[in-house]
Amino acid sequence: MRKLKASLIDEQAMERTIARLAHEILERNKGAGNIVIVGIRTRGEFVARRIASKIEEVEGVTLKIGTLDITLYRDDLLGKLEQPELKGTEILFDINGKDVILIDDVLYTGRTIRAALDELIDLGRPRSIQLAVLIDRGHRQLPIRADYVGKNVPTSSAESIRVHVREVDGEDAVLLMHPELPE
Amino acid sequence: MPLSTRHLLGLDGMKREDIQLILDTAVSFREVLDRPIKKVPPLQGKTIANMFFENSTRTRLSFELAERRLSADVLGFSATGSSVSKGETLKDTARNIEAMKIDMVVMRHSAAGAPHYLAKVIESNVINAGDGGHEHPTQALLDMYTIREKLGRLEGLHVCIIGDISHSRVARSNIYGLKTMGARVSVCGPATMIPREIENLGVEVYHHIDDVLPRIDVLNVLRIQLERDAGRLFPSIREYHNFYGVTRQRLDKAGREITIMHPGPINRDVEISADVADSENSVILQQVLNGVAIRMAVLYLLATKN
Chain A
0 MRKLKASLID EQAMERTIAR LAHEILERNK GAGNIVIVGI RTRGEFVARR IASKIEEVEG
60 VTLKIGTLDI TLYRDDLLGK LEQPELKGTE ILFDINGKDV ILIDDVLYTG RTIRAALDEL
120 IDLGRPRSIQ LAVLIDRGHR QLPIRADYVG KNVPTSSAES IRVHVREVDG EDAVLLMHPE
180 LPE
Chain B
0 MPLSTRHLLG LDGMKREDIQ LILDTAVSFR EVLDRPIKKV PPLQGKTIAN MFFENSTRTR
60 LSFELAERRL SADVLGFSAT GSSVSKGETL KDTARNIEAM KIDMVVMRHS AAGAPHYLAK
120 VIESNVINAG DGGHEHPTQA LLDMYTIREK LGRLEGLHVC IIGDISHSRV ARSNIYGLKT
180 MGARVSVCGP ATMIPREIEN LGVEVYHHID DVLPRIDVLN VLRIQLERDA GRLFPSIREY
240 HNFYGVTRQR LDKAGREITI MHPGPINRDV EISADVADSE NSVILQQVLN GVAIRMAVLY
300 LLATKN
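Chains as they are written, first to last, in numbering that gives the first Met the number 0: chain A, 0 to 182; chain B, 0 to 305.
Please keep in mind that the hints were generated in silico from the structure rather than gathered at the bench.
Errors might be hidden in some of the hints.
To be verified - Over the 12 angstroms line for every Cβ pair with chain A, so calculated as not near, a few chain B residues:
no.: 1; residue: I36
no.: 2; residue: S77
no.: 3; residue: P194
no.: 4; residue: D209
no.: 5; residue: L225
no.: 6; residue: L300
Stated by the list, open to error - Beyond 10 angstroms from chain A on every Cβ pair, some chain B residues (computed):
no.: 7; residue: T24
no.: 8; residue: G75
no.: 9; residue: K85
no.: 10; residue: L89
no.: 11; residue: K90
no.: 12; residue: S109
no.: 13; residue: G181
no.: 14; residue: I197
no.: 15; residue: G201
no.: 16; residue: P213
no.: 17; residue: E226
no.: 18; residue: F242
no.: 19; residue: V269
no.: 20; residue: T303
As the list claims (entries may be wrong) - Subject to a maximum C-alpha distance of 25 angstroms in a straight line, what follows is the list of computed PhoX-like cross-link-like pairs (lysine-lysine):
no.: 21; chain 1: B; residue 1: K37; chain 2: A; residue 2: K86
no.: 22; chain 1: B; residue 1: K38; chain 2: A; residue 2: K86
no.: 23; chain 1: A; residue 1: K86; chain 2: B; residue 2: K14
no.: 24; chain 1: B; residue 1: K90; chain 2: B; residue 2: K100
no.: 25; chain 1: A; residue 1: K97; chain 2: B; residue 2: K37
For clarity, every value in this text was computed on a predicted model and none was experimentally measured.
All residues carry an ideal CB built from backbone N, CA and C; glycine is no exception.
Please model the entire structure based on the sequences and the hints provided.
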């Protein structure tokens with residue numbers, strides 16, 4: 000069992016962070032005209048929906064939102080102990096020529112994002128792909144960075160970050176957990 | 000939950016959770032088949048040998064396509080013109096191919112039980128692509144997938160398989176799989192084509208098509224082996240069509256929406272009339288497409304299981 004070390008973001012802070020990310024995305028893209036939103040399963044999907052509805056609220060538009068399951072593009076698929084469950088990619092729109100806002104909850108090694116970029120490019124040729132994350136915890140193993148960051152959190156790689164969202168966990172919170180204690 | 004088995008040899012005795020997992024996983028691969036680039040990388044570096052000791056076009060193509068779409072390397076092999084015709088045993092053939100460092104074997108063989116034997120003598124994962132009159136598990140899985148896609152469930156549905164049940168591996172695998180998934184299963188055909196004691200598998204037997212049609216949701220029509228069976232199992236093709244042919248008129252009389260399936264290749268106007276095969280309730284071409292997705296799911300689940 001991991002123990003709680005610190006609460007990084009609470010309900011209200013989450014609200015404000017999402018709002019700021021939405022505004023940054025709109026500012027950089029000069030509006031929502033050409034953007035589509037893609038969330039990475041599982042938690043990134045919910046963060047994506049939140050950011051999308053904030054943008055919709057501000058701009059009075061309806062955005063196209065898709066979900067990416069990067070499992071088939073993982074680089075550790077054939078060596079893994081537990082067989083990962085496929086939940087499926089659902090992007091029911093054309094991403095050609097669009098500015099894709101790719102959203103995940105936590106940016107860590109960068110391997111998930113590498114997989115997501117490969118999968119997106121198999122789906123079409125977007126004009127740009129921009130990455131938004133709720134938490135950047137460092138420790139990159141690949142040359143990848145986020146365009147929009149909710150909060151930078153220096154961590155040790157033995158610690159872990161838990162993102163809770165209302166839809167799944169009943170609360171909005173980001174928690175920093177202590178390293179797992181040896182048995 | 001990973002698959003509980005290393006091989007896919009048959010649906011007889013296969014766990015419900017395993018069947019469920021394969022059907023659920025296939026949904027993701029079905030989505031891949033609608034993409035502009037219909038290829039994903041999970042089996043990169045895996046080598047799969049397709050050993051077809053018996054002729055097959057569609058099953059072989061379907062497996063090959065599934066393997067390539069998962070980025071596996073594919074070795075083809077057919078019995079004609081190979082060392083099998085020089086008298087090499089199945090075990091030696093398989094071991095020689097395996098010595099070239101392959102990971103999985105997909106096998107079709109005319110002898111029932113051949114893949115089960117193979118699974119005991121080689122290290123690779125073995126997938127049965129049809130063994131004699133025994134089983135054809137991926138066909139039954141794609142049939143179940145197609146039913147679920149069209150009708151939303153399997154549990155509680157009534158599925159009838161019509162034709163030569165005695166010699167059909169498709170029928171057997173379907174019976175095992177559908178029963179496990181909670182469907183009601185009937186078989187229909189002349190007495191010469193229904194094996195004795197098939198009721199022991201928990202299926203109902205009908206000899207008149209008009210008796211069973213008003214009771215069912217799905218009709219799976221088996222191919223009649225014209226060249227082999229006319230005059231042996233039934234008097235003539237025309238007589239078979241008159242008594243067991245699936246026609247528009249018969250379906251209309253039944254007064255029910257019945258989903259029509261066929262594992263192919265179809266004999267138009269023998270076991271199924273042309274208009275029924277092409278009708279809106281026919282899912283024959285969906286079966287073909289779903290077959291690729293199901294085989295991708297099976298290959299993926301076996302390859303990623305440690």
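Check: Looking back at the hints listed earlier, which ones does the structure fail to meet?
Finding: 1, 6, 7, 20
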